[in-house]
Structure formats: structure tokens, C-alpha cells
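Participant: Turn these sequences into a full structure, and let the hints guide you.
Protein chains: 4
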Amino acid sequence: MSSKRLRAAVVGASGYAGSELVRLLLDHPSVEPSIVTSGRSAGKRLTDECPWLYTDLVLSPFEPTSLEVDVVFLAQESGFAMDHAPGLAKRCKVVDLSADFRLSDLDVYRSTYKIEHRAPGTTASYGLPELVARDGIAGASLVANPGCYPTATLLALMPLVRAGVIGGVPIVDAKSGVSGAGRSRQETDYLFTEITGGFKAYAAVGHRHTPEIEQMTGAPVRFTPHLLPTARGLQATVHVPVKTSLAELKTIFQEAYAGERFIRIVEQPPSTKQVVGSNRCDIYVGFDERTQMSLVISVIDNLVKGAAGQAIQNMNIMLGLDEDAGLPLHGVWP
Amino acid sequence: MSSKRLRAAVVGASGYAGSELVRLLLDHPSVEPSIVTSGRSAGKRLTDECPWLYTDLVLSPFEPTSLEVDVVFLAQESGFAMDHAPGLAKRCKVVDLSADFRLSDLDVYRSTYKIEHRAPGTTASYGLPELVARDGIAGASLVANPGCYPTATLLALMPLVRAGVIGGVPIVDAKSGVSGAGRSRQETDYLFTEITGGFKAYAAVGHRHTPEIEQMTGAPVRFTPHLLPTARGLQATVHVPVKTSLAELKTIFQEAYAGERFIRIVEQPPSTKQVVGSNRCDIYVGFDERTQMSLVISVIDNLVKGAAGQAIQNMNIMLGLDEDAGLPLHGVWP
Amino acid sequence: MSSKRLRAAVVGASGYAGSELVRLLLDHPSVEPSIVTSGRSAGKRLTDECPWLYTDLVLSPFEPTSLEVDVVFLAQESGFAMDHAPGLAKRCKVVDLSADFRLSDLDVYRSTYKIEHRAPGTTASYGLPELVARDGIAGASLVANPGCYPTATLLALMPLVRAGVIGGVPIVDAKSGVSGAGRSRQETDYLFTEITGGFKAYAAVGHRHTPEIEQMTGAPVRFTPHLLPTARGLQATVHVPVKTSLAELKTIFQEAYAGERFIRIVEQPPSTKQVVGSNRCDIYVGFDERTQMSLVISVIDNLVKGAAGQAIQNMNIMLGLDEDAGLPLHGVWP
Amino acid sequence: MSSKRLRAAVVGASGYAGSELVRLLLDHPSVEPSIVTSGRSAGKRLTDECPWLYTDLVLSPFEPTSLEVDVVFLAQESGFAMDHAPGLAKRCKVVDLSADFRLSDLDVYRSTYKIEHRAPGTTASYGLPELVARDGIAGASLVANPGCYPTATLLALMPLVRAGVIGGVPIVDAKSGVSGAGRSRQETDYLFTEITGGFKAYAAVGHRHTPEIEQMTGAPVRFTPHLLPTARGLQATVHVPVKTSLAELKTIFQEAYAGERFIRIVEQPPSTKQVVGSNRCDIYVGFDERTQMSLVISVIDNLVKGAAGQAIQNMNIMLGLDEDAGLPLHGVWP
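Chains as they are written, first to last, in this note's numbering: chain A, 1 to 334; chain B, 1 to 334; chain C, 1 to 334; chain D, 1 to 334.
In short, the hints are calculated from the structure, not lab data.
These numbers come from a predicted model, not from an experiment.
The reader is advised that the hints may include incorrect statements.
Each pair may be met inside one copy or between any two copies, as identical chains are not told apart.
Cross-link-like lysine-lysine pairs, in silico, DSBU-like; alpha carbons within 35 Å at most [claimed, not checked]:
1) LYS114 <-> LYS44
2) LYS90 <-> LYS250
3) LYS114 <-> LYS243
4) LYS90 <-> LYS44
Facilitator: Below, the structure written as C-alpha cells:
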């Protein structure tokens, strides 16, 4: 611990993404979570809100002008970062976990999030390291951390897009654990009693992550999200008409992710559970000859590779640290 | 209870489908579960194996020649019914819950179940009442009760097939609770610890329910099953390229199921949980204009409409009783 | 259904106890749920709020003066019934599921529920049929339906109290599914994500059900409730120092509950799951010779025998119907 | 990783305790899991059996004479270690996770585990560091790692025993996640379908962990275990008649555990979930004046502080490393 010399602030530290950031940073070899903020709970100990953590940190209000840190993580609802990220990015590295800087077309942002963008000129790098040029992340002051659904979907889909083998509209049947909804959604729909023992689709047509996915694929995608009765874990089952063979498909994925520490091509359909707590994305590649349809299944922990872990991966790249520093590789099972 | 005058036998009464049959029959107005059999547990009280039931029934061995009942339910693994159903069907009504008599093409049966069919000349009626001619069920001595996946899939898909609006290969992304695997699958994969908190696909290409589905659709279907961390409940999310509109789609379904007591067209994507314990199938109809893709979601309780409930529905038709006698309409929630 | 001739009103029909009342009444042979009310959702169809039900009922506002029914169920928070039950009870039978009329000592009521009682002169019968004189219930206009914890605890404890074998303070270590908290508790603590995979005690000292228990036992009880990561089900593990033997203990319970249709003495520690959906209470009786301590374990479905089912059992007695009319005996498993 | 210089063997690496040992050792700063063995799966990659891990390790058969390591963890059923630990302990450090060396009275061992002890003269140190002299562990060749129930129970109970304030038989009402049963218990009782949504006691009188607890308390304890529908997590709710006050109780615990990194006294009843993945034991201290009964609640992760984590804690002490090296402090939530 004594060797830690970089300081981080986590804005929104008592939410699920925020507290996961704190958890991972507390064990990070080079970066310390020095400041943790909360709108509602400023003044309380962090452990009052998050008794699973083991720390003396006290929650403070968010005071952007007095933040003296090397990196700021913004883990708030969309609409918050646009007011603060541009200013902060002049003084330190910023990773925004909301949607505010993910979409380059602000008309799409407005129609998707029902908010007028108030920082239209700001440049951000899209932080999906395995699929973008890492130089862009390394040189950026502000990184837009991808959404959980787009992360899993794009990791399963982009190798096919880039290989040029897609012969029709990809159908993404995605399933997420409930923590994706956040910790402050105190609605009947998210009560334990309503979720346990059940499974359902939601936002069945027109989910707001669709534009983020299509911005990278450059072509329409049919995206349907479902809610799993689990806390963590996200699977994208991607059905794509392709003109190819199983052998070629496997080669496409192996080459696309050669040397990627957090991507693993697996031989059996993976359980979401095998990546819980890990920054990995496990990918299964299948092919049905009868229907000429490929089946690519990716699993991530929506709070790690789908949020806090990927944010730290981006931070590592931005700060010139080892890309995998402080990031768990193993899932917690059972 | 005193008015009960018909007698039923449940063969395999301590499994999940069998014990669900007993549970429903114990509350049935006209039919009594008089004989309950078990290979492993003959001689024990049924409640020793199934403490959730409230009955004095004792498990007996299966002795087909001495069964004096009005109807026999065969709730055993595939390969059992083919040896016994033909003989039993000469003396009483028989509902077989296995796959033995579902497929009319015995070559397909052999390649799917890896068993040579030993009763090739036997005629059975496929018992999916909402999609077949009920006269066939009413007049049959032997009914093949459909699989749980085919039930949910076909109820979501056949109205589109019959309306002639399908413009490509349907993609069925299906999810089932674990009870579909049965009670005797004592394998690591089905332990509580391996399943809870996770979700995965299995038999990702080539699941054995595919031929049963295609036998009715008459065209290829891309079918992928997944395992939900729930005991009961099954959802089929059916993605179909269509040449139509949302309004026409809804009309197709409303007309297809007009007057059907167990089918309900719903306005919100349904949770599997809302049909747990019920013989209903709730169906949601959606359409994505951008991709010209319809999204039909059906939910059933795999042990009720997907097994024991549908078996009793078939029995009611075969015995000339009210089709909904003894069948729960409401789900058990929360 | 055509033979139904009695009418019931359910006040608070979209909550968990209320909707369970409606579910059971829809299948009751003699009583129809004619009026269903909701404060927040009046005007909506009941199925909009409760999609697991299958009914055309529409939620109405609560208008006590115009209720023309044979029985009213009040399924509201404590503090509501005291204003309405006395007036209603002059015109029809009333079963109150809140705590308002459970405690005869109004000072205890005040200190427990932090509400001044506004109907101090009202007489109600405590509706735990297996432990009180049924004549009292049969003749009452107003029945106070017991709490879920007191129901399970008293059924496990009172035979020992009445047999006079208790030699010390009973320790009740109780565990309840989350539905006991109700459907309108939209607090972080009851989110799926906070509950799943965990277990904890709450109100560890001084839970408000303690006085209700002690009112019947007449002596102090040490009561600790815990929250199970299940929707339904409640277990009371009751540790009691006794001067007796295992054989005598079993006799005490068998005699206490001889002829009771909803109580079953079982030979193995029961799972809460075996009574889910049922109005049964299964009781296991154990004894540890080394420490001269008896171990009595009772399980109920907190929404059935612990709320709606027991309320209907009381209604049946009040209206002169068969005590078990419309009440499920079997659990729903798996 | 390059600085790792000590080698460990994990015998039984594909079970739950074994694979958790591997997971923690893979991230340990000084010790490498060099050899991983499995009886059934020798020759397979560890990730074939444990896809949540990220490693190239291959499972080998257990060959005790050729093990060239600094420490061996034996994670096998009781009855295995007694044959191998004495020989191994002459050449390296040994931590046994079974019951073989926990009980000093071999008559008690025989009557509890139904096995004749075949290594009666072997000396082992009981490895519960917070409650025994650490010198004993540091100097031992063989450490008996405590059971999960005794760990949680004794951490909650021993401060009261040592303070001399206990005035009657302690009642330990304990609840464990299902992983405590191990990964090879392929019995109906441990299927997902049988466990989910339920809760029950087992071995209600006479559980085999009772003697291990009483060996340290020196007085009878009434111990009742229950099975939680969770994978991990264990709670001991300890009810003890005491002659003292709440203030004194809190002081007793604060003094007993002053400076202990893995013990935290908490102000609210803890959820088992807040220690999942962590080597912590969180303890809540309550007191009921009316009944003069203290209520002490401890929570641990049964696979970490209750098994693999405590084994590594013992290893750290035995090898002269920092006691908390490689041991997670934070829980994984939600």
C-alpha cells in the first residue's frame, strides 16, 4: 500500500458502479481512492452505506473546483457529466461512466436520452480498449466508458463486422443482472419479491443502448434486453447470418483477440457466473450449418468489464500503468 | 371430493412432472389419482418423496397389466412409453409426457434421441390443443404431450406461419427454469451452487426439441435454449423477419387465439413468474419497424402448460370433461 | 362458479396480502371477490397491477359507506382499520389483516406501533383457529387476523405452554421471506440486488411481533427475526428448555393438533418451500437430551397461513362454510 | 508475479474449497499454486473443471512422495488426511481442511465421523488464529483448519466464555450457504430446484460440528444448522444467557479483537453477503434486558474465512509472511 502515489476521486461512490470502483481501487497497486463523494450521504462513513467495504473513507459532497487528484471517475446518471467533465478534464484525467460522451451525434443523444447536450464541443475517447486504437485512450483527457450492453455486444459482434462476413441484420438477445439498473431505482419493479424466480424482457423495442452499438457497427442491429434474476452478470447471445464456416469463424475471433488479456475464447457456452467479479469477457463461437447462422455468446460482469473494471482499465492506459493493474482475472464461484 | 368417479394412474409420480400431475389431480373435480408409481421408491409414502403434497397415497411399482384406471399418465424418460403405451391404450386413455410419440418421422426420432423406436406402427395425437384439431385429441387413445420448449415456441410462432407473413428464418432464443432437467439429474451441473447467480446457453446448436418444432412449422427454425436460475418458468423470445405491421401482427394473434381460455395476449413483456403455477401462456407481440423484425414473447410454466397442466388439459378433452377442469388460471406471485 | 352467492370486498387488493386474497377467492367455491380497492391505482384493471391474475376486475377507490358485501378484508397498514372496521362490522363480517385489533392492551399497542388507538372500545376475536375457541371466531363480526411471525411461533410454542413443560425462556429464531415486508416498501434494503445471495437479522431486539406472541404465551419470549432471500416462506425455530422426553413431546403435539386439517406433524425438518402456496403449517418436534432443550420447527407460507389463507379460514368459520373451503393444501414445488 | 518464490500444492483442487484456494493463491504475492491435483479429473486442464479461473494449470494425480513444495493444502473429505498428512509434514508445511486433526479426543472423532483414526499420535495445531496462540500455528508443521460452523460460532462465543459472563447453555442457531456441502454431493437434496426459494434445518440434533465447538468452549452448546438458499455465506446467531450489560458486552468484544484485521465489530445486524469473497468476520453484539439474553451474530464467507481464506491465513503465519497477504478484505456486493 505504501507505494501508492496516484490519487483518484470517485463521484457517486455509494452506487453500484461507484462502490465497485472503490473496491477495486482499494486493492490497486498504484492508485488510491482518496476522495469519495455522495450527494445524499455526504458526511457519513462509506461503510455506513457500503458495509461490504473495509475502509475508513468518509463520503464528501462533490466540489469540482477543489478536487486535487490525478483521475476522476464520474459514476452518475446521464446529464451530470456534461456539466463537469469538460472543466475537470483540463486539470486531470476523467473517466465518465455515463452515456454523456459516448455518442458522437448529439441529435441521437438528444432523442435517446431526452436531454439537450450542454457540452457539444467536448471531445472524448470511447473506452473499449480491445476494439479501438489504444493510443486514442492513452492520449485522452476524457474517456467515455462504454455501456454494459454495448461492451458485451460489440465484443461479440465487431470481429464479424470487420471480417466482412455478415449477411443480414444481427439479432442481439441480451440478458443482464439487476445491478445494471443501479442502486437508487427504488421502484416496485426492482424489489426482490418481484424479480426472484422470474425473467422478462423490457424495452423490447427501442432500448437506448441500440444507438451506441450501431455507432460502431455502422449498420442496424436488432437489440432486445432481458432482466435476469441475478445481481451481476450479462450475456449477449448474438445471432448473425453469415457466409462462412465454423472453422473460419473461430479463426476470426482468435485473430481479433490475440494477445488480449481480458478476452478468452471458450469451447463451451459460458455461464455469466464464471466472470462474476472478473474483468474478463468470455466468448463462445458457434455456427449452425442448416440455417447459415452464427451464434456468438459473450459474458461479462456488468459492474466490472461492463462498468468499473473497464473504467480502471481505461485509467491504467491513460496513466501509463500496466493495463491489467488491479483488475481481477478470476471469477468468484460458486 | 365425493363426486370423483374417474381414476387415473401416474407413472413416475415422484419426478417433477409426475408430482405436479398428482398435485393437480388431487384438486381435480372429476378425476382421482388412484395409483402412483415409482421405480426407485415403491413402497414408500408419496409424501416421503414429495413432502409438499398432502395425501396418504403410497408409491407402488409399475405393473401395466393390472392397471384398472380410466387414464394413465406416463411421466418417464424417453424410451419407456414406446414399450407400454400401445398395450395400455387398448384398455384406457393414455397421455405420454415423453418424446416417444411426438415425432411422426421415426428416422428423425432415432437420430434425435439415439433410440431405435420399438413401436413404429402406433398412432398418437399431438396434444397441443390450441394449435391442432381438438377432435383428434378427443378421439385418440394415446396423446403425445408436447415438449415444454415446443409448446412455448409454437404458440408464439404458428400464428405467423399460418398467416403467411414470415420472410426469413425465425430465431428462437429460449430460456427455461431448471426443473425442465428433471429431478433425477444428479449431476454437478444442476447443483444449486452451480446454477444460482448464473445464466448460460446449452446445446447451443442442435437441441433435440428443434425437430419437434420444425415438424409443425414445416420450415427451419434456429433454436437456442438457455438455463435460467429459477425452478420454473420458460420464455421463448421469437425474432421473425416479417412483411407486415404491428397492427396486423396483433390482429393475427387475437384472431388465432380468440376464445382460448389459456392464452392471453398482453401489452407488456411478461415475466415468466406471472404464469408460475398456472396453465396459461401469456404472449406479447412487438414489431421493430427499422429492421422489419417482429418480436413475439411467450411465457409458460414449463411444468404446467409445458407438461402436467397440458397433459390434464388433454385428458379433459379425451374424457369429455370441461377442458379447463382442475387447471389453475392464476400465477403464484410473488 | 355459477353457484357463488356470497360477496367479498378486498381493501388493498394490489398489495401482496390483498392480491393473494383475490387469487384464493377467485377459486373459492362460495365467495366471490366482488369489489377490489386500491388507493393509488383506482380505475386501473387489477391485472395491470397484478399480471399473474386472470380476471376482469377493476380497482376502485375505498368507499366504506357504499360497500354492499357479505365480508370485507382489510389488507392495509396498521392505523387504517381502526377508523373503518367498527363501522363496517355493523353491516357485514370484517377480517382485518393489520395489527390494529390484535393486542388487547392498548398501551402495548401504542408503544409498539407508535399510534394512538382511535377505536379503543371495539371488540375483536383473535383469529388463530387452531389455538383459540372457534366459537369466538364464528360469532364475531370482526376478526383480527394474526401476524405471520406470531402464527408460526404460537403454533410451535403453545402446545408446550399448555402442557406446562417449559422450564425457561423460549428462544424463537425466526426467518421470513421478503414478501412479509409488503409490496410498497420501495427502499434500498428491499431491492433484489441487496437481498439476493444474503441473509441477515433485523430488529434484532424488540421486534413488534413480540408483544403479540407474549399476549398468548403469558410469559416472556426472546424473539429474533431474520430475512430470507426468498419471496415466500417463514420458519420459526423454537428452542425451549423443557422437563420432558422426546416421546412425550411428540404426544403433546399430536394431541394438540389431532383433527386439525392444516397442521401436519412431520418426521424431518421441513423446508419452508414445502408449504409455499399452501395453508398448511408443518411442524417438526425434536429434543436434545444433553442440554434438555426441545427444538420445534414450524413452517408456513407467510402470505397464506400467515395472512390471506388464514383470513379466508377465518371467513369460512364466520360465514358457516367448510373451514377448508377454497384453501390449498399442497405446496407448489419445485 | 515474478517475485513469487514459494510453491504450494492444492490436493483436491476442483472442489469448492480447493478451487477457492487456487483462486486466492493465484493472486498471492509470495506463494504460487504449483501443483493442483484431482482424483477424478487428473490430466484435464483446471479450467475445464473450473471455467471461472484464468490459468494454464493442469490437474495431476496426487503423488505424495514426489511433491516438492513448501506447503500442501489437503482439501479432501475426512479420512484422507490421516493417511497422508503425517508423512508430508516431515517435508513441508501442511494445512488440512478436513476434520481429521481438529479433535484431540480420538474417541470423540470416531463416534462423530464413524472412522477409526489411523494416525493417533500425530500432533496438529488448531488454526483459528484470533482465538489461539499464534506461536503454536507459527511453529507447527501441521495445522488443522477449523470447520466453517465452528469458526463463526467460536468467534461469536469465545469472548463471552473467556469473560466468564455466561449464565446458561448457549443456543447457536446457524445458517450456511449450500457450498458448505461441497461440489461432489450429487444428491437430490442439493439440486438447484430443491433448494431455491426454500430454507430448512438439517441434522437438527447432533450435528458433527458440535464436538469441535465444545472442545474449545469446554461446556455444552445447543447447535442447530440450517441451509440457506445461497451459494456462500454463513451466519451464527448465538443466543446466550448472560449476567452483564450491553455496554460491558461491547467492551468484551472490542477488547477481545483489538488489532485483529479480519474481525470487525459492526453496529447493525450484518448480512452474510457483506463478507462474500472476503476473509472478514463481522460481528454484531446485542442484548435483551427483558430476558437477560445476549444476541451475538457473526457472519463469514464459509469458503474464505470458513475454509480457504483461513487456510491461507494459517499458511502465512506458518511461513512467516504477513498474516493478511493475499487475503481479500472487501466483500463482493451486490
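Participant: Which numbered hints does this structure break?
Facilitator: Hint check: 2 fails alone, others pass.
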